[in-house]
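Just so we're on the same page, the working numbering is the position in the sequence shown counted from 1, plus 3.
Hints are computed from structural coordinates only; laboratory data are not their basis.
One should not assume that every hint holds.
[As the list claims (entries may be wrong)] Pairwise CB distance ranges (calculated): (1) Thr7 - Ile38: 41 to 49 Å; (2) Thr7 - Val36: 38 to 46 Å; (3) Ile38 - Ser8: 43 to 51 Å; (4) Ala5 - Gln25: 26 to 34 Å.
For each residue, glycine too, the CB sits at the ideal point set by N, CA and C.
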Amino acid sequence: MAQTSQTIKTKCEAVMQTFKFQVLKSKTQSMNVKIIS
Numbered sequence: 004m005a006q007t008s009q010t011i012k013t014k015c016e017a018v019m020q021t022f023k024f025q026v027l028k029s030k031t032q033s034m035n036v037k038i039i040s
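Model the full assembly from the supplied sequences, consistent with the hints where possible.
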């Protein structure tokens, strides 16, 4: 059981990292658009 919950925790952390990266990327892109225009 402990191993399963550890795997779920790791997967959740990976999803959160990806989500944060996507948000950061879109923020950077919108900043770049503002600079260009």
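Going through the hints against the structure:
no. : hint                     : verdict
1   : Thr7 - Ile38: 41 to 49 Å : holds, 47 Å
2   : Thr7 - Val36: 38 to 46 Å : holds, 44 Å
3   : Ile38 - Ser8: 43 to 51 Å : holds, 45 Å
4   : Ala5 - Gln25: 26 to 34 Å : holds, 31 Å
Hint compliance for this structure: no hint is broken.
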